[in-house]
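Asker: Sequence:
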Amino acid sequence: MSYWHFAFPALIVNCIGLSPTWMCCQVNAVADAKDEDQGVVGAVFNVAIQLGGPIGLAIATILSQSREGLGGTPEALMSGYRAAFYTFGVFGGVGLVMVAILASNRDPIEFGGAAPEAMEEDQEKGSPAVDSSDVSVLEDERAEVAETKAEIQNSSSISIAQTLSA
1224 MSYWHFAFPA
1234 LIVNCIGLSP
1244 TWMCCQVNAV
1254 ADAKDEDQGV
1264 VGAVFNVAIQ
1274 LGGPIGLAIA
1284 TILSQSREGL
1294 GGTPEALMSG
1304 YRAAFYTFGV
1314 FGGVGLVMVA
1324 ILASNRDPIE
1334 FGGAAPEAME
1344 EDQEKGSPAV
1354 DSSDVSVLED
1364 ERAEVAETKA
1374 EIQNSSSISI
1384 AQTLSA
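All the letters of the sequence shown, read from the start, carry residue numbers 1224 to 1389 under our numbering.
Hints may be right or wrong, so weigh each one.
As the list claims (entries may be wrong) - Per label pair, the in silico range of CB-to-CB distance:
id: 1; residue 1: 1244; residue 2: 1366; range: 37 to 47 Å
id: 2; residue 1: 1277; residue 2: 1367; range: 49 to 59 Å
id: 3; residue 1: 1226; residue 2: 1279; range: 19 to 29 Å
id: 4; residue 1: 1369; residue 2: 1245; range: 39 to 49 Å
id: 5; residue 1: 1317; residue 2: 1292; range: 44 to 54 Å
Just so you know, these hints were derived from the structure itself, not from any lab.
In this text, a Cβ means the ideal position worked out from N, Cα and C, and glycines have one as well.
With the hints as extra help, turn the sequences into a complete structure.
Answerer: Below is the structure:
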């Protein structure tokens, strides 16, 4: 067993794989939150990452130190290192199980409450994958915006006319 054959390639795969993984996790965590809660969700996510690593390392170090043999020989240290590697394996397995149990199959914001199967059927028929109630809400909002703009223009033209007549 050699560092260059086992530990170094694992280190490289770890470094290459974690950056895109954490970025995707951050994007998904924030995307599922309401607009006003995205800052808090991002902060909690970053705190969990910043605290999770040191806590996991502390647990692995405790188990490693408790399993080490006497003396500073490599053979005596190996049982402690093995315990630490198994600890990280257990952490990874627990994380995998949690993802399998807790991860949703669809994004509630993306689908807006519609079942993905129904959206696929609509797309196959050539129908738009938009709920008609969402469209009516958008039309109402656009009408309100147009009314507000008209009121602002009327009030500004009245105030200009009053200023000119004075």
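Asker: All hints, please: hold or fail.
Answerer: These are the hints, each one checked on the structure:
1. 1244 x 1366: 37 to 47 Å: holds (45 Å)
2. 1277 x 1367: 49 to 59 Å: Roughly 51 Å apart at Cβ, these two residues keep to the hinted range, so it holds.
3. 1226 x 1279: 19 to 29 Å: Given about 22 Å between the Cβ atoms, the range holds.
4. 1369 x 1245: 39 to 49 Å: Distance hint for residue 1369, residue 1245 holds at roughly 44 Å.
5. 1317 x 1292: 44 to 54 Å: Distance hint for residue 1317, residue 1292 is violated at roughly 28 Å.
Going down the numbered hints, you'll see the structure goes against just number 5.
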